[in-house]
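Enquirer: Sequence:
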Amino acid sequence: MAQCHRKQFQLQRNGDRASETAGRSTTINNCSSPSSGIMEAIMGRNGSLLLTAVLIIILDVVLDPVGANMWTRHNSNAHQTRRRSGPSNRCPKVGAIKNFDLERMMGCWHVVQYYASTEELPEYACMRSHFSFSKEDQHITMNFSYIFAEDPLREKLVGNITWMIPKFQEPGHWQHTEDIYEGIYNTYVLDTDYDTWGLVMHCAEKKKQPRYLSALLLSRKTSLADNEISFLRGKLPQDIDTSFMFNIGQESCDNLMESSRDDPLAYVVNGRQRAKEIFKIINKPDGRVRARSESRR
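full-length UniProt numbering applies: residue 1 is where the sequence shown begins, and numbers increase by one.
Rather than coming from a laboratory, the hints here were simulated on the basis of the structure.
Here the structure is a predicted model, which is why all the values come from computation and not from measurement.
Honestly, I wouldn't trust all of these hints.
Derived BS3-like pairs: lysine-lysine, alpha-carbon spacing no greater than 27 Å straight-line [claimed, not checked]:
#, residue 1, residue 2
1, K167, K221
2, K156, K93
3, K167, K207
4, K98, K207
5, K167, K98
For each label pair, taking beta carbons as the anchor points, the in silico distance ranges come out as [unchecked claim]:
#, residue 1, residue 2, range
6, E170, K207, 35 to 41 Å
7, K135, N89, 18 to 24 Å
8, M106, N255, 21 to 27 Å
9, N255, T177, 16 to 22 Å
10, L153, P122, 15 to 21 Å
11, Q238, L153, 21 to 27 Å
12, P122, D226, 36 to 42 Å
13, T118, T196, 17 to 23 Å
14, E258, K93, 40 to 46 Å
15, N227, R154, 17 to 23 Å
16, T118, D195, 42 to 48 Å
C-beta atoms are modelled at their ideal positions from N, C-alpha and C, and glycine is treated no differently.
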């Protein structure tokens, strides 16, 4: 019996304490003392600072997903330098234009945009191509000319490429016939309307070496409309990074300087001088070859 009274007394005391605590909580909530106002102000300020810090971190992650450090972001040269994706050994699988009319594709074209997997900066200007087809040997030849954009002398360089048609059922697919390149070198006419614009892609494969991939946006005139350029670029395979597809200036390209006849790298074709032209072969560091046209007086 005594134990029951003690338990009831203890429960009553616990109830009184709970009521007292609740009363104190109500008083604190309903009455704003000077010290509590200061605490709320401090907590509000800290909360704002914390929220600002979180927002800065989120913006930094979103705007700089690659995790570039502060030096890279504020160094203009480092920030503007772009890198290609890793090299590939295989050419992209593409198809040539259907119902291709080879004869209508022949003739002169201006190269208004150019892509090459080995180049990261614009180098060329006044690039032009002339396609011709020989019915005798069934070969296609492209004679081309260009200058280096930063050359103050604007010296014209020339060269040529020859292809064969492996399957005449697919006349828009050509294969390189030169012995200079050891490997498979395919060219595809991806699209053309014959009278205004054209799109050509080259891809070369060598064993255990990165592929060489290039593309030419062609125009019968010196320029194309923006919508035509966008249309053609959209037809390129994903392997071609169009941010590295550079404009080729076609201004003031009619009167270009010929090479000097005293150039020591020139050699005489077939052991004798020719009145109009001889070609000099320059081996570029990447193993490709370019030819220069020289006038002889």
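Enquirer: So, for every hint listed, does it hold in this structure?
Expert: Against the structure, the hints:
Taking the CA atoms of K167 and K221, the gap is about 31 Å. The hint is violated against a cut of 27 Å. A hinted pair counts as satisfied when its Cα atoms are at most 27 Å apart, and K156 with K93 does not qualify at roughly 34 Å. As the CA atoms of K167 and K207 are separated by approximately 24 Å, the hinted pair is consistent with the 27 Å bound. At most 27 Å may separate the alpha-carbon atoms for a hinted pair to count; K98 and K207 exceed this at roughly 30 Å.
Annotation: proposed proximity of K167 to K98 holds, straight-line Cα distance about 13 Å (limit 27 Å). Evaluation of the 35 to 41 Å hint for E170 and K207 yields a failure: the beta carbon distance comes to about 25 Å. In this structure the supplied range 18 to 24 Å is violated for K135 paired with N89, their Cβ-Cβ distance being about 36 Å. Taken as a hint, the range 21 to 27 Å holds for the pair M106 and N255, whose Cβ atoms sit roughly 26 Å apart.
Distance hint for N255 and T177: a CB-CB separation of about 33 Å, inconsistent with the stated range 16 to 22 Å. For the pair L153 and P122, the beta carbons lie near 18 Å from each other, so the given range of 15 to 21 Å is met. In this structure the supplied range 21 to 27 Å is violated for Q238 paired with L153, their Cβ-Cβ distance being about 39 Å. The supplied range of 36 to 42 Å is broken by P122 and D226, whose beta-carbon atoms lie about 18 Å from each other.
Range check, T118 to T196: Cβ separation about 29 Å, and the 17 to 23 Å hint is violated. Between E258 and K93 the Cβ separation comes to about 42 Å, which falls inside the hinted range of 40 to 46 Å. The given range of 17 to 23 Å is broken by N227 and R154, whose C-beta atoms sit roughly 31 Å from each other. In this structure the hint that T118 and D195 lie 42 to 48 Å apart at CB is violated, the actual value being about 32 Å.
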